[in-house]
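Enquirer: Sequential numbering from 1 applies to the sequence shown in the working numbering.
Calculated from the structure, these hints are not laboratory results. Quantities reported herein were computed from a predicted structural model and do not represent experimental measurements. Hints are supplied without guarantee of correctness; some may be wrong.
Beta-carbon label-pair distances, calculated as ranges [stated by the list, open to error]:
#1 LYS26 with PRO83: 36 to 44 Å
#2 ALA27 with THR60: 35 to 43 Å
#3 LYS54 with VAL109: 26 to 34 Å
#4 ARG119 with CYS34: 29 to 37 Å
#5 GLN14 with ARG119: 39 to 47 Å
#6 PRO47 with ALA120: 44 to 52 Å
#7 GLY92 with ARG46: 14 to 22 Å
#8 GLN23 with GLU116: 31 to 39 Å
#9 ARG119 with ASP37: 15 to 23 Å
#10 SER45 with GLN14: 18 to 26 Å
#11 GLY108 with GLN81: 21 to 29 Å
#12 LEU113 with SER41: 35 to 43 Å
#13 GLU82 with LEU24: 34 to 42 Å
#14 GLU82 with VAL109: 14 to 22 Å
Ideal Cβ positions, reconstructed from N, Cα and C, are used throughout, including at glycine.
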Amino acid sequence: SAPQVARTRVHTMQDFRVRKAIQLMKANVCERICFDDVARSVGLSRPHFFALFKEQTNLTPNVYWNTLRMEEAVRQLQWSQEPLISVACNLGFTTQGNFSRFFRDHVGVPPTLYREAARAIS
Numbered sequence: 001s002a003p004q005v006a007r008t009r010v011h012t013m014q015d016f017r018v019r020k021a022i023q024l025m026k027a028n029v030c031e032r033i034c035f036d037d038v039a040r041s042v043g044l045s046r047p048h049f050f051a052l053f054k055e056q057t058n059l060t061p062n063v064y065w066n067t068l069r070m071e072e073a074v075r076q077l078q079w080s081q082e083p084l085i086s087v088a089c090n091l092g093f094t095t096q097g098n099f100s101r102f103f104r105d106h107v108g109v110p111p112t113l114y115r116e117a118a119r120a121i122s
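Please build the complete structure, drawing on both the sequences and the hints.
Expert: And the structure:
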């Protein structure tokens, strides 16, 4: 799966710029991100950053970013009492609807159903 691939590859990658970009993404998972800014912060142009990231991780920066956001969304839905709109805002979504669509597209069920199921089994 993508998260496992990302974790496995991160430990073996050599390029410090990709490692730094991943650290930035992880540190800012609850913010909106601009890949132009990430690329600039690691000293690369956007196209070079995307190519190097894909070469090093076997994932695009977008896929890696979405994986991080999904992991955080799952964590917040399982363990926090925050309303769905707060979880959405915490992850940088401008509306609850955008977050719900994103979650459903990646997990297969709406976040409300996921939260109910996660709480039922814990």
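Enquirer: Look at each hint and say if it fits the structure.
Expert: Each hint tested on the structure:
{"no.": "1", "hint": "LYS26 with PRO83: 36 to 44 Å", "result": "violated, 25 Å"}
{"no.": "2", "hint": "ALA27 with THR60: 35 to 43 Å", "result": "violated, 20 Å"}
{"no.": "3", "hint": "LYS54 with VAL109: 26 to 34 Å", "result": "holds, 29 Å"}
{"no.": "4", "hint": "ARG119 with CYS34: 29 to 37 Å", "result": "holds, 35 Å"}
{"no.": "5", "hint": "GLN14 with ARG119: 39 to 47 Å", "result": "holds, 42 Å"}
{"no.": "6", "hint": "PRO47 with ALA120: 44 to 52 Å", "result": "holds, 46 Å"}
{"no.": "7", "hint": "GLY92 with ARG46: 14 to 22 Å", "result": "holds, 20 Å"}
{"no.": "8", "hint": "GLN23 with GLU116: 31 to 39 Å", "result": "holds, 34 Å"}
{"no.": "9", "hint": "ARG119 with ASP37: 15 to 23 Å", "result": "violated, 37 Å"}
{"no.": "10", "hint": "SER45 with GLN14: 18 to 26 Å", "result": "holds, 20 Å"}
{"no.": "11", "hint": "GLY108 with GLN81: 21 to 29 Å", "result": "holds, 24 Å"}
{"no.": "12", "hint": "LEU113 with SER41: 35 to 43 Å", "result": "holds, 38 Å"}
{"no.": "13", "hint": "GLU82 with LEU24: 34 to 42 Å", "result": "violated, 25 Å"}
{"no.": "14", "hint": "GLU82 with VAL109: 14 to 22 Å", "result": "holds, 19 Å"}
Violated hints for the displayed structure, listed by number in ascending order: 1, 2, 9 and 13.
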